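Protein chains: 2
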Amino acid sequence: MSPPEYARAHRARFLAELKRLVRFPSVSAQSKHAGDVRACAEWLAGHLKGIGMQGVRVIATPRHPIVYAEWMGARGRPTVLIYGHYDVQPPDPLQEWTTPPFEPTVRNGYLYGRGACDDKGQIFCHVKALETFLRTTGRLPVNVKCLFEGEEEIGSPNLKPFIKRHARALAADAAVMSDTRMLGPDQPALTYSLRGGLGMELEVAGPRQDLHSGTFGGAVLNPLQALCEIVAGLHDREGRIAIPGFYDRVRRPDERERAYMRTVGPPDAKILADAGAERGWGEPGWSIYERTTVRPSLAVTGITGGYQGEGSKAVIPARATAKLNFRLVPDQEPRAIEALVRRHVARATPSTVRSRLVTHLRARPAEIDRGHPAVRAAAFAYRKGFRAAPVFLRSGGSIPVVNVFQEVLGIPTALMGFALPDDRIHAPNERFHLASFTRGIATCLAFLDEMAGVRPPRWREEKVAA
Amino acid sequence: MSPPEYARAHRARFLAELKRLVRFPSVSAQSKHAGDVRACAEWLAGHLKGIGMQGVRVIATPRHPIVYAEWMGARGRPTVLIYGHYDVQPPDPLQEWTTPPFEPTVRNGYLYGRGACDDKGQIFCHVKALETFLRTTGRLPVNVKCLFEGEEEIGSPNLKPFIKRHARALAADAAVMSDTRMLGPDQPALTYSLRGGLGMELEVAGPRQDLHSGTFGGAVLNPLQALCEIVAGLHDREGRIAIPGFYDRVRRPDERERAYMRTVGPPDAKILADAGAERGWGEPGWSIYERTTVRPSLAVTGITGGYQGEGSKAVIPARATAKLNFRLVPDQEPRAIEALVRRHVARATPSTVRSRLVTHLRARPAEIDRGHPAVRAAAFAYRKGFRAAPVFLRSGGSIPVVNVFQEVLGIPTALMGFALPDDRIHAPNERFHLASFTRGIATCLAFLDEMAGVRPPRWREEKVAA
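Just so you know, the sequences run in chain order P and D. Under the working numbering, the letters of the first sequence match residues 1 to 466, in that order. Under the working numbering, the letters of the second sequence match residues 467 to 932, in that order.
Incorrect hints may have been included.
[Said to hold, decoys possible] Chain D is faced by these chain P residues, among others (derived, beta-carbon under 7 Å):
hint, residue
1, PHE102
2, THR105
3, ASN222
4, CYS228
5, ALA389
6, VAL391
[Said to hold, decoys possible] Computed list of lysine to aspartate or glutamate pairs in EDC-like fashion (alpha-carbon distance at most 16 Å, straight line):
hint, chain 1, residue 1, chain 2, residue 2
7, P, LYS164, P, GLU338
8, P, LYS32, D, GLU776
9, D, LYS498, P, GLU407
Quick caveat, the hints were computed from the structure, so don't treat them as lab data. These numbers were taken from a predicted model, which means no experiment stands behind them. From the three backbone atoms N, C-alpha and C, an ideal C-beta is built for every residue, glycine too.
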């Protein structure tokens with residue numbers, strides 16, 4: 001049986017196994033799920049062993065474990081580092097799910113469940129491609145190292161130290177990961193830039209305890225109101241971020257790049273349709289595709305303060321918090337932006353309340369050379385798997401590990417994603433297109449095959465010379 | 467045994483019974499507690515029967531029941547309507563309670579628990595005064611009707627229709643209630659004005675579903691950000707409410723009234739100390755006592771939007787809500803103010819999101835004649851119970867039923883409260899001073915005694931003549 005025949009013949013079992021993987025509530029952000037994250041890692045490790053991968057290990061970190069596996073029997077061939085993450089976003093708000101987030105369900109050609117797309121379904125495309133080669137040919141076309149982490153959704157706090165410590169063991173010629181979007185079910189896309197991130201939590205505190213809003217209404221500044229004023233002041237009327245100095249180091253794409261983006265990128269109407277939004281918004285002078293990729297942004301991702309329950313409660317809360325999520329572009333430095341935010345918020349805080357900022361995530365933006373052999377191999381693989389040439393896209397998201405691979409291992413990452421724009425990652429009713437699962441496996445097979453023909457010394461020398 | 471001797475002798479049992487009453491989680495705002503509210507009403511009715519009150523009934527309303535009891539054996543004497551409420555505020559945030567809200571505990575001379583002060587402890591002062599008279603003299607000095615409702619903390623939605631329907635059965639010469647503050651443990655106070663209220667919930671909605679803040683950050687207006695902007699725009703920089711027309715009908719107190727308020731009212735420092743706040747805030751040109759009594763106010767009492775859990779979630783929420791709590795003063799009309807708010811919010815809502823306002827509470831402000839015989843009787847009673855003359859205070863809170871008694875039954879209400887400024891009503895660790903409980907009972911005894919000497923026809927005629 002040829003590898004493609006094997007993959008077709010075992011499609012139903014592959015799906016059943018993916019459902020098993022999605023069933024783990026491996027929510028890395030919530031400590032109550034630490035045991036589930038661990039159980040998911042153990043299951044994944046066992047599965048990799050079962051398909052014939054070697055050196056499989058579940059490696060503890062200060063928080064959630066890393067799953068490692070390798071197959072190094074392709075002497076003289078390149079080594080590919082396959083990266084992915086088995087942790088998932090919190091499933092809230094639960095009541096908006098049609099079927100429970102951790103009871104994966106197939107409807108209308110999609111698998112629904114938290115993590116079905118981000119990133120369990122996508123790492124499983126690679127895992128099933130590895131199984132297919134190992135079961136049909138007894139080997140892989142290239143050397144492979146798998147690195148599946150459990151902390152991507154909380155900013156990968158322990159991954160960079162791990163990679164630094166094990167840089168020699170993780171040495172490879174290129175990395176590949178599938179955690180990005182295509183343009184549509186028949187239009188694959190290779191991501192060549194990612195925004196960086198800066199996650200902060202703003203707390204505003206006022207009176208020692210909650211106060212009755214009748215007795216004290218009008219007497220003290222309500223921390224929740226002060227929080228709203230500070231948050232409102234983070235943007236100007238037109239949608240620009242109003243923090244002094246924020247745009248100073250933003251690199252402006254040249255006209256050629258903007259023209260390319262106009263040609264291949266999704267038009268405003270398409271992005272808005274994917275978002276389920278009637279009208280766009282944001283920084284004047286840029287298309288929505290540009291606003292979400294080459295321009296930085298700030299989203300308030302959550303506010304907590306006062307009474308949240310049914311009905312009303314006559315209370316002035318003692319404190320209120322907002323979660324701030326900045327997306328950064330070259331050449332913004334997370335630490336420098338953090339300092340600007342701190343200075344701005346300190347100045348914006350009224351003297352009758354106190355504010356405090358805690359940073360929980362910093363990630364640099366990343367750019368990948370579109371001409372790199374591994375990126376070209378991914379483009380070829382898409383043509384085989386999806387019968388369509390990929391476009392090259394910029395992404396608004398952040399994948400900090402791409403920078404780590406570049407900085408620590410000196411390798412680029414092929415961002416060969418299989419997600420669809422309406423797969424609702426991070427939202428209720430997340431799903432993975434079953435056609436993308438099948439074609440994704442075919443693409444991963446073609447990618448490994450194509451990588452086998454690449455002569456590693458060539459580009460290694462180029463890198464050294466550069 | 468004289469009534470005061472009886473009250474002293476049974477002090478320990480009175481406290482044990484109050485603890486039993488506080489143990490009911492009679493949270494009227496939360497439907498999950500509907501059964502507890504009902505159970506509390508049944509217990510209270512049984513207790514009133516047990517002390518010798520007559521015609522005791524638990525009367526169903528569309529939501530939470532009313533407890534009624536009477537004793538009408540004092541022919542030729544005035545009739546006093548004792549009003550109170552046995553429902554309580556939600557206990558959130560639970561983690562800030564030293565001991566659980568519904569496990570009443572005595573510490574340092576205070577009874578801690580949700581409702582210990584507001585209003586279970588205070589209605590119990592009246593109930594124990596009634597018991598004391600009935601057990602020692604076999605009668606009451608005046609006719610009494612007790613009306614204890616279970617919906618005060620949700621704005622008494624069913625009380626006004628009930629009182630209208632039963633206006634004849636509820637006929638009385640004056641009402642008394644204990645649900646207001648004194649100035650300090652040895653400084654009683656009679657409240658002679660209350661602010662009105664207007665409770666609204668503002669929802670801002672944007673995209674059809676939650677969006678990934680990386681992929682879509684910068685593309686669409688975040689409903690949570692729009693909500694913050696609208697809320698921030700409800701006040702001007704100096705603390706005035708910025709809704710056009712909001713102050714148009716606010717009646718300005720004359721210089722004599724302001725001078726009286728300066729003489730008897732708490733100074734700024736005292737109010738801030740009670741609030742546990744370092745610095746005041748609010749409308750320029752008015753003392754804090756004035757800002758919280760004769761000037762209207764607006765408090766945002768809760769905001770919900772986005773991810774509220776531990777850690778972070780990269781999400782642009784599809785919608786966000788804010789609870790708005792206005793306090794109104796004469797001659798502001800709740801419905802007129804509501805229209806102004808709706809117009810202002812509609813204008814302030816950016817075109818790329820949608821906003822919606824739901825009103826869940828409307829209450830007119832109230833003023834009580836300080837010279838009314840029932841108010842004078844309450845002042846006399848305080849002198850007996852606390853050995854101190856009360857001052858006359860304005861309150862920032864709202865007790866809508868005071869207006870209903872005036873408008874429907876044509877009677878004033880003596881606001882003879884026993885709460886202390888630092889009893890933390892509506893906040894975690896609510897408590898009731900045990901000394902106030904004892905003295906409150908003595909005050910209620912003296913009040914009924916004093917009312918017996920009032921010749922009802924006199925002030926009835928005055929009212930008719932006026």
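Against the structure, the hints:
no.: 1; hint: PHE102; in the structure: 16 Å, violated
no.: 2; hint: THR105; in the structure: 18 Å, violated
no.: 3; hint: ASN222; in the structure: 5 Å, holds
no.: 4; hint: CYS228; in the structure: 4 Å, holds
no.: 5; hint: ALA389; in the structure: 23 Å, violated
no.: 6; hint: VAL391; in the structure: 16 Å, violated
no.: 7; hint: P:LYS164 - P:GLU338; in the structure: 25 Å, violated
no.: 8; hint: P:LYS32 - D:GLU776; in the structure: 10 Å, holds
no.: 9; hint: D:LYS498 - P:GLU407; in the structure: 55 Å, violated
Checked against the numbered hints above, the structure violates hints 1, 2, 5, 6, 7 and 9; every other hint is satisfied.
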